[in-house]
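S.K.: Residue numbers (this note's numbering), protein chains in the order written: chain A, 655 to 1098; chain B, 132 to 288.
Each hint should be verified, as a subset may be incorrect.
As the list claims (entries may be wrong) - Pairs of lysine-lysine, DSS-like flavour, derived with a Cα cap of 27 Å: (1) B:K280 x A:K1089; (2) A:K770 x A:K846; (3) A:K791 x B:K209.
Bear in mind the hints are in silico, worked out from the structure with no lab data behind them.
Please read all numbers here as calculations on a predicted model, not as lab measurements.
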Amino acid sequence: MSTFEPTLLARINKPDSQSLETYRRDGGYEGFKKALGMAPVDVINQVKDSGLRGRGGAGFPTGLKWTFLPKDHPGPIYLAINADESEPATFNNRILMEQDPHQVLEGIAISCYAIKSKKAYIYLRYEYGRSYRALKKAIEECYAAGLFGQNIHGTGFDLDVVLHRGAAAYICGEETGLIESLEGKRAWPRIKPPFPAIEGLFRKPTIVNNIETMACVKQILDRGADWFKSMGVPPDPSNPRDAGSYGPKLYCISGHVNKPGCVELPMGITARQLIDEHGGGVWKGRNAKAVVPGGISMGFLSASELDTPLDFNGPGKVGCLGLGTAAITVIDDHTSMVDVLFNCARFFAHESCGQCTPCREGTAWMHKILARIRMGEGQSRDLDLLNEVASSMGIIPGTTICGLSDGAAWPIKNAIKKFRSEFEEYIQTGRKTVKPSDALMEVH
Amino acid sequence: MGVLSEELRDQIRAQFPNYPNKRAVVLPALHLVQDAQRHVSIEAVREIAELLELHPSEVHDTMTFYQFFKDEKHKLGKHRVWVCRSISCMLRGGEELLQHMCEKLHVHPGQTSADGKVTMEFAECLGACDGAPCILVDDEAHMNITPEKADELLKSL
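Excised from the complex, chain B in its bound form (with noise of 0.2 Å):
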């Protein structure tokens, strides 16, 4: 038994119906690994490749290519918020909220709060320009974000 449950792997087993061959189950296993573990090491790069019947490279390469997975050295919190940088964003603060969040959480971009519950990011458009500046929990838009506002969530999470 490796880094992977077998749940994990029956997961991953799932998808194949899905797709003509195993490599394009790539994202949606990396997904489920992310989502479980809060980031995908090395090992679990190697069992993904195993059951995907890939070189662990083709696996690695895929992955890093997106930054959006995380090794070892950059676990994710519990939570992931992404604050929007892109221009309809900016043009209605989203970089002074970027700015907010990080110094409420004593964070940069990309590291976690010493409590381990958020990892904060910045994110290109987001696609809730409508509710500008917008930021995202998990998967979950938010918009019309004040500081107020960005307060309170991280107060809920």
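Bound-form chain A, shown alone (with noise of 0.2 Å):
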């Protein structure tokens, strides 16, 4: 493992690495002019051999998802760029727009070229300023070099790329909701069928990929897919619906470890492993009680359940709703997991986008349960009622449009389920928690 050499984030922390002169000088944009060399479909079939799946949390493989658009469609077909990251514990595809911005928008030019789309909009959460002036800059400079804009190369090939700010909401990171945003509107998501491909961004068929997703394709049509296959886990046979999890993988690590960061290995690496390989260890010297696997959404990772390998089909084996964006958080032993699950709720009530009625109801619920277990008026049977909640919402009970609202079920169902014991203590002893920041937060 420790041989392993970065490819992703190589040119990370270089001097000036932002520039599209140090870009060019490290081969960039050499894959895009091998990509216009060659037939879109083989493009296409590049990506697809390389088992390249989804990095943004569904994982859904990137090349089949470009073949559902339809055939000799006249136009425009719209690739829509999710920089949305918002899944709390996430900051992977910040770090690859502020320090290798030029990495990424390669990426986009070669699948745009693939998916015969003259136009991508990166679709960026508006905190990250520092993405939104690095990015501004790049594409600028794309055009000034003749990358973007009509003609490119000679080969007939025109693209144009556009930046467009959301507005601090986490449900645009939600494909549909993303292209209604996009559009202007509330970020409502859409009932799906129709799904992009067929009816996306402005009624045309759009391909919605994430920016980790997008510097893949790069690197892919740099080295080709055999490189990206020969890293990570082919599939499980005892999973049939398991497609492998190849190439290599952003892991990012933060809560209470020595050395919170993003690190790049290949896929399936445990989370024992990042966190005393890579994240310097659980800090203070503690034990770690509870992982987060891949953003809050994803659920719990127990102390006995670290051993599971962070690949596409691991964290589902345990339990947890998948490997979502890869995104680990520690909870040492000193911490409640009450405290922890409370933020949890809290964050999705706060983002629950209000469409359908068992999220809108069922977040603000659970949230109110928690707070009322957490400052020491819980009862017993308060455990059951979060569980009946989170059970009757989500896409998988078949009563909400988007699966925001499996994510906000999944903590709690994985808490109350791996962490009772904790919980019925909490309860049974009388216990309160109140800090005055509490008081605080309130008045949204």
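Both chains come to you apart, so use the hints to assemble them.
M.R.: Dropping the structure here:
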């Protein structure tokens, strides 16, 4: 593991890593040039052959998604890049955009060529001001260098890239919420089908891809599908739906570790390895009580589950919703799971878009019930009530339009299953937690 | 001449070629107006709607969905300071930091300091968890913030 050479992060923290000049010196835009010499369908096939699955959370095979576009469509076809990275504990896209914007833009250019799109929108969360300025400058450089614009390299291929800033709403990371927001509306997710590939942005065929996925596309064009497939974990034979977890992955490490950060590793590393070998161990010499495996909407790994491989298949085997964004948050054994779960519930109550009643009401009630428990006014039956509310919301029970709701329910279900005795003890012994800052957050 | 200056109108119109219709310019327009005027008044909503050939209620609907945009009753100060309260920051003192900064300025989240310089806010995950606790000053992230560093930052605004 220690000999692994990063590719996605190879240029991070190098002097002037954002500039077109240094990017080109490091071989930048050669992959795009290579793609322009290929038939678009061959680019799609190369991405398909690599086994690349979307890095945004759902893990859908990228090349396969591209083939869902209608054949011989007269256009326009849009590429909408999801740079609304808002899943708590996730910051890998930010690092790519801030430090190596051209790697991302080259992936976008290659992808547009592959899907015959002449226009890409990058939907960037507002909070990423530094990413905004880095991308804006990089896009300007690309136009000036003839990498974007009309008739690129005399091939007849045109490409415009537009940077579009969001306005601080988690729901915009849901692909159809993002599309609605880009269209100037409230970001209420759409009922699917039709999927965006058939009818998406401005009612036209649209592919929505994540920033890290774009960086992977660039690397695949440079290094080949076999290179990508030489890393990671092959499909689990016992899971017919597992398409394998190939390639390098950016893992985020935060919370109670000595060295929080973002590391690039072959897919399939365990939470324990991330903590011990890359995160400097649990801080203050303590032990981990729980680990969030990939953003809070994936649930929790308990201390006995830390050897779970963090690939697309692993976290699901121990009851988590999935790999998610592969962003781990470490919670030490001095921390109350009541506090942690309250924090998660508050987040989702704040961020539910309000369109579907089970999610709008469910997240609000889960927040209230957890606040009650935390204040020392909980009852044992509250745990079953929380479970009941959580089990009735989401696309899995079929009561909501989007999967945010499943993600809001999952940490609740996971925590009550895996840490039930801690919650019971908290309630039965009449413990109370009141922080002075709680009162400050009631105004919203 | 309404509340939107000709310069602001030109900046909004300059967005039109980026999109196949004018409605998609609602968010860029709201950002431009709020950046310039520190809020989006109902009159500004009407004028944006006129520019984009929309009904004012359509602009208002979008604006109010995103709690980010503030009306005339909630004008922003010169700077907006957000303190992250989500999990990675909470685990490393984010909530205590929010409390410290609010006490320093004698405000609750959503309120502006008496001198009009700073509007304090709490934020959900700012995506800077490698530097928790973190804060955002306007749209610039500041990481690994201690109460002392927060005081310095506030002083510099």
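S.K.: Starting from K770 (chain A), check that the Cα of K846 (chain A) is at most 27 Å away, please.
M.R.: Distance of about 23 Å is within 27 Å: holds.
S.K.: With a cut-off of 27 Å on the C-alpha distance, tell me whether K280 (chain B) and K1089 (chain A) pass.
M.R.: Between K280 (chain B) and K1089 (chain A) the Cα gap is close to 22 Å, so the pair holds against 27 Å.
S.K.: Under the criterion that the straight-line Cα-Cα distance not exceed 27 Å, is the pair K791 (chain A), K209 (chain B) satisfied?
M.R.: 26 Å, holds
Checked against the numbered hints above, the structure violates none of them.
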